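Colleague: From first to last, the protein sequence lines stand for chains A and B. Each residue of the first sequence is one higher than the one before, starting from 21 at the first, in the working numbering. Each residue of the second sequence is one higher than the one before, starting from 2 at the first, in the working numbering.
A couple of the hints might just be wrong.
As the list claims (entries may be wrong) - Straight line, CA to CA, 25 Å or less: simulated DSS-like cross-link-like pairs of lysine-lysine:
| # | chain 1 | residue 1 | chain 2 | residue 2 |
| --- | --- | --- | --- | --- |
| 1 | A | Lys-77 | A | Lys-103 |
| 2 | A | Lys-62 | B | Lys-79 |
| 3 | A | Lys-62 | A | Lys-103 |
| 4 | A | Lys-98 | A | Lys-77 |
| 5 | B | Lys-71 | A | Lys-98 |
| 6 | B | Lys-111 | A | Lys-62 |
| 7 | B | Lys-71 | A | Lys-62 |
| 8 | B | Lys-56 | B | Lys-71 |
| 9 | B | Lys-74 | B | Lys-56 |
| 10 | A | Lys-98 | A | Lys-62 |
| 11 | B | Lys-111 | B | Lys-74 |
| 12 | B | Lys-111 | B | Lys-79 |
To be verified - Computed beta-carbon distance windows for the label pairs:
| # | chain 1 | residue 1 | chain 2 | residue 2 | range |
| --- | --- | --- | --- | --- | --- |
| 13 | B | Thr-19 | A | Ser-93 | 39 to 49 Å |
| 14 | A | His-30 | B | Pro-10 | 44 to 54 Å |
| 15 | B | Glu-53 | A | Glu-76 | 47 to 57 Å |
| 16 | B | Gln-9 | A | Ile-58 | 18 to 28 Å |
| 17 | A | Arg-100 | B | Tyr-55 | 17 to 27 Å |
| 18 | A | Ile-58 | B | Thr-4 | 15 to 25 Å |
| 19 | B | Leu-98 | A | Ser-93 | 22 to 32 Å |
| 20 | B | Ile-113 | A | Glu-88 | 15 to 25 Å |
| 21 | A | Ser-29 | B | Gln-70 | 37 to 47 Å |
| 22 | A | Ile-58 | B | Ile-47 | 14 to 24 Å |
| 23 | A | Pro-90 | B | Ser-43 | 39 to 49 Å |
| 24 | A | Asp-83 | B | Lys-79 | 43 to 53 Å |
| 25 | B | Ile-47 | A | Leu-104 | 22 to 32 Å |
Don't read these hints as lab results, they were simulated from the structure. Here the structure is a predicted model, which means the values were calculated and not measured. No residue lacks a Cβ here, since even glycine has one placed at the ideal position from N, Cα and C.
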Amino acid sequence: EPEVTQTPSHQVTQMGQEVILRCVPISNHLYFYWYRQILGQKVEFLVSFYNNEISEKSEIFDDQFSVERPDGSNFTLKIRSTKLEDSAMYFCASSAGTGLGTQYFGPGTRLTVL
Amino acid sequence: AQTVTQSQPEMSVQEAETVTLSCTYDTSESDYYLFWYKQPPSRQMILVIRQEAYKQQNATENRFSVNFQKAAKSFSLKISDSQLGDAAMYFCAYFILDSNYQLIWGAGTKLIIKP
Numbered sequence: 021e022p023e024v025t026q027t028p029s030h031q032v033t034q035m036g037q038e039v040i041l042r043c044v045p046i047s048n049h050l051y052f053y054w055y056r057q058i059l060g061q062k063v064e065f066l067v068s069f070y071n072n073e074i075s076e077k078s079e080i081f082d083d084q085f086s087v088e089r090p091d092g093s094n095f096t097l098k099i100r101s102t103k104l105e106d107s108a109m110y111f112c113a114s115s116a117g118t119g120l121g122t123q124y125f126g127p128g129t130r131l132t133v134l
Numbered sequence: 002a003q004t005v006t007q008s009q010p011e012m013s014v015q016e017a018e019t020v021t022l023s024c025t026y027d028t029s030e031s032d033y034y035l036f037w038y039k040q041p042p043s044r045q046m047i048l049v050i051r052q053e054a055y056k057q058q059n060a061t062e063n064r065f066s067v068n069f070q071k072a073a074k075s076f077s078l079k080i081s082d083s084q085l086g087d088a089a090m091y092f093c094a095y096f097i098l099d100s101n102y103q104l105i106w107g108a109g110t111k112l113i114i115k116p
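Generate coordinates for the entire structure from the input sequences, incorporating the hints supplied.
Modeller: Next comes the structure, spelled out in structure tokens:
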């Protein structure tokens, strides 16, 4: 069964450093998403991506964040200058299309900012 | 405001028994999809079940079923014959069709299975 994959599973970085979180969505999916979950808190939407551009982004997704689909398979989230409060679980998700709707999630990347 | 409320921070059930997790949501839209996701200690987010709001019939998936009450904006999850592997956080979520498709999430219910 196809699945969303994410790498790395755990990333530790120093405050102020750049990180890139990688995702490989399900191959025939067209819509891609990033969510984050700070430990003990709700899952929060960051950004959605379709047709090589951002469809929607939340207030959390400020200028420090960017997304890219550099090739036909990868979908990346970059945080330019990490802050302590960026420590969270980051989930990538993909869906086949608007009418089909269900978002399938990757296993997540745990980001720890020291 | 679009919100999801899961009023039970924690629930426990005896193995093999049935448990119901509650969820209410608030939206003025009429076309949306509702979901239950499971998050075990590994923290992976796993789809449990989904319900299209236009469908009156409640979704079922093996031991998992929902009680969808659209007028009351209620979407509870029933787990029958609970198993130790069901222990996890359970999140209720929805998105609105023809919008940005971002999932709106509840705070989660921690389900404990007693052997």
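Colleague: Could you run down the list of hints and mark each one as holding or not?
Modeller: Status of the hints after comparison with the structure:
Among the hinted pairs, A:Lys-77 with A:Lys-103 is consistent with the structure: their alpha-carbon atoms are about 19 Å apart, no more than 25 Å. A C-alpha spacing of about 22 Å is found between A:Lys-62 and B:Lys-79, which places the hinted pair at or below 25 Å, so the restraint holds. Only pairs whose Cα atoms come within 25 Å are accepted, and A:Lys-62 paired with A:Lys-103 is accepted, the gap being roughly 19 Å. Distance restraint check for A:Lys-98 and A:Lys-77: the Cα-Cα separation of roughly 14 Å lies within the 25 Å cut-off, and the hinted pair is therefore satisfied.
Pair hint B:Lys-71 plus A:Lys-98 does not hold up; C-alpha atoms about 39 Å apart against a cutoff of 25 Å. The suggested pairing of B:Lys-111 with A:Lys-62 holds, with an alpha-carbon distance near 13 Å, which does not exceed 25 Å. Proposed proximity of B:Lys-71 and A:Lys-62 is supported: the alpha carbons are some 24 Å apart, at most 25 Å. For the suggested pair B:Lys-56 and B:Lys-71, the alpha carbons sit about 10 Å apart, so the restraint of at most 25 Å is met.
This hinted pair checks out: B:Lys-74 and B:Lys-56 have alpha carbons roughly 14 Å apart, not beyond 25 Å. Restraint check: the Cα-Cα separation between A:Lys-98 and A:Lys-62 comes to about 21 Å, which is no more than 25 Å; the hinted pair holds. Distance restraint check for B:Lys-111 and B:Lys-74: the Cα-Cα separation of roughly 22 Å lies within the 25 Å cut-off, and the hinted pair is therefore satisfied. For the given pair, B:Lys-111 sits about 14 Å from B:Lys-79 by alpha-carbon distance, which is consistent with the 25 Å threshold.
Checked against the hint of 39 to 49 Å, the C-beta distance between B:Thr-19 and A:Ser-93 comes to roughly 42 Å, which is consistent with it. A hinted range of 44 to 54 Å is violated for the C-beta pair A:His-30 and B:Pro-10, which are about 27 Å apart. Between B:Glu-53 and A:Glu-76 the Cβ separation comes to about 21 Å, which falls outside the hinted range of 47 to 57 Å. Against the hinted window of 18 to 28 Å, the Cβ-Cβ separation of B:Gln-9 and A:Ile-58 comes to about 21 Å, which satisfies the hint.
At about 42 Å, the CB distance of A:Arg-100 to B:Tyr-55 disagrees with the hint of 17 to 27 Å. A:Ile-58 and B:Thr-4 have their C-beta atoms about 18 Å apart, which keeps the hinted 15 to 25 Å range intact. Evaluation of the 22 to 32 Å hint for B:Leu-98 and A:Ser-93 yields a pass: the beta carbon distance comes to about 28 Å. About 41 Å separates the C-beta atoms of B:Ile-113 and A:Glu-88, a value inconsistent with the hinted range of 15 to 25 Å.
A C-beta distance of roughly 39 Å is found between A:Ser-29 and B:Gln-70, which places it inside the suggested range of 37 to 47 Å. The hinted window of 14 to 24 Å between A:Ile-58 and B:Ile-47 holds, with their beta carbons roughly 20 Å apart. At about 28 Å, the CB distance of A:Pro-90 to B:Ser-43 disagrees with the hint of 39 to 49 Å. Here the CB-CB span from A:Asp-83 to B:Lys-79 is close to 45 Å, well matched to the stated 43 to 53 Å.
Separated by about 29 Å at the C-beta atoms, B:Ile-47 and A:Leu-104 satisfy the suggested range of 22 to 32 Å.
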